[in-house]
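Participant: Protein sequences, first through last, are from chains Y and A.
Under the numbering used here, the residue at position 155 of the first sequence is numbered 135, and the numbers go up by one with no gaps.
Under the numbering used here, the residue at position 79 of the second sequence is numbered 59, and the numbers go up by one with no gaps.
There's no promise every hint is true.
To be verified - Just the calculated beta-carbon pair ranges, DEER-fashion:
1. K118(Y) - E261(A): 54 to 62 Å
2. R65(A) - P35(Y): 53 to 61 Å
3. R89(A) - D284(Y): 31 to 39 Å
4. Y130(A) - Q133(Y): 40 to 48 Å
5. G230(Y) - L140(A): 55 to 63 Å
6. G161(Y) - L140(A): 42 to 50 Å
7. G230(A) - L265(Y): 55 to 63 Å
8. K273(A) - G161(Y): 28 to 36 Å
9. S282(Y) - E40(A): 31 to 39 Å
10. E253(Y) - Y68(A): 34 to 42 Å
Since the hints were derived computationally from the structure, they do not count as laboratory data.
Where is the CB? At the ideal position from N, CA and C, for every residue including glycine.
Letter by letter, the chains look like this.
Number of protein chains: 2
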Amino acid sequence: MSVGLVVVGSIALDSVITPFGETADALGGAAVFFAMAGAVLHPVQVVGVVGSDFPEAHLEKLAARGVDLAGVERQQGESFRWKARYSYDLNSRETLETRLGVFAHFQPRIPAKFRDAKFVFLGNIDPALQLNVLDQVKQPTLVACDTMNYWIQGKRDLLLELLRHIDILMVNDSEARELSGDWNIYRAAHWILGRGPKMVVIKQGDHGALLVDPETIFKVPAYPLQDVFDPTGAGDAFAGGFMAYVARTGDVTFPNLRRAMVYGSAMGSLAVEAFGVQRLEQVTLKEVRGRVKAFRDLVHFSLDGEE
Amino acid sequence: MSVGLVVVGSIALDSVITPFGETADALGGAAVFFAMAGAVLHPVQVVGVVGSDFPEAHLEKLAARGVDLAGVERQQGESFRWKARYSYDLNSRETLETRLGVFAHFQPRIPAKFRDAKFVFLGNIDPALQLNVLDQVKQPTLVACDTMNYWIQGKRDLLLELLRHIDILMVNDSEARELSGDWNIYRAAHWILGRGPKMVVIKQGDHGALLVDPETIFKVPAYPLQDVFDPTGAGDAFAGGFMAYVARTGDVTFPNLRRAMVYGSAMGSLAVEAFGVQRLEQVTLKEVRGRVKAFRDLVHFSLDGEE
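Could you put together the complete structure from these sequences and hints?
Facilitator: Okay, structure coming up:
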């Protein structure tokens, strides 16, 4: 049996408007994008909650990719719904509606069979709940964690406590800046490293991603895409690709984490090529590996004889 | 004798205000940053104009780095002066004053001994003058060219004519977008390639630079700097490093142009570590090579056995 990889986070019905079309009540949420991307590389175990209105067919899409849904509770009430509109260049978005529904009172319960998980991803939820999840898992090898401005502002102390118990904080650049109070992203990363995590991953949207540890920095630029359809979920697909690659290889050395960054970036770039999870639902391991090689061709160069 | 590398462009007195200090009438201008960076790698020949007020000591700084100033005319009148203030995060700047002085009527005259130059960089001047320079050089191996929004808007036809006669257009991302009318930077690059140049280099400021040809894309991210003092001239230092590396090696194959991109990026990253040309004035070849290796460590990763 392969080692466990658990993700805890939102399962949502997304309605997204882009210049290229729109969706209504499509399968979405951080845990979903994570799982759909990760499942290409390694089995993923999901912990989350859906309402009584959540289409069974949506969950079946995850099951079809081998995702273990034993940790998904179905509760009476409405599912989490999120509606947003992207700008013409997809670089900004406006949230039109957020209805938390049953997600408002989400209390993650890790099923007994998930508690041996060696790899844990704490999606963006209340840091109190993230800490609670850590109490439920036995002895994970690597715990990574996302958060957002809402918790940075509203639950800063708990978030700082959480940082002492995780291995990797995985946030976007504006979150890193807000958390640290420093606009220079490299100084911001080192500020975070000083609060506990061994590493920081900073997601920079269409400028790629950074992996920072106390000694080194690794940068993956964004994949050059002439057409982006829907940026929703790219960061969560990145996290899924990253964590699933680490779980697949069982290797947490720095060279392997660099590869994990590229697998994450490959998943993020694939995610945005179609609406919602459509591309991730279909993508093959071979396609992902092809994208990883394309990343190498994008950035590699050789030194000349003189150096 | 080494092959000739000529740059045509502005020589200026810069007054720059950043959150970290300010300068007044400091040595600046595109041709100066280009030459100061390039001279570390290969002799640079400058064509430009200064006014009667231009301090001889400024020109001596260039001469001290082996820059050939035979193409620098001194004319009666004021030198080109530029004054700007950067925002607190250095990501935007406001031009406070531009006084063209003798630069307003600059007519580049290429000295006879520069006309055999194999490598030519046309700094950001009127495309009519850029075309005129090309008439004066005999048979260059590689011609690269910069431009700006002012010419894209005001002299579009001449600029499009110029594109048919150059090898590399080297512009920043907003210029590429404006010229092509496409906000997607990769589509914008291909639009430009369709107008004549063999390659496009897109400078992306603190997000690095792209080299695009019809088949491939090469990306160099920006170097991670915890402290940036003055972004002025980074793009021109990039161009100087790029062209001087190509001239030094005499190799215009794609693997070598990738290395040239990294040398350019190294120079750009060094330039911003101090005010004006201060860092470039002092930097050694060894330091530049060290920075080039640091770029490799920043982006390289190995594929695993499965790929």
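Participant: Are there hints from earlier that the structure breaks, and if so, what are their numbers?
Facilitator: 7
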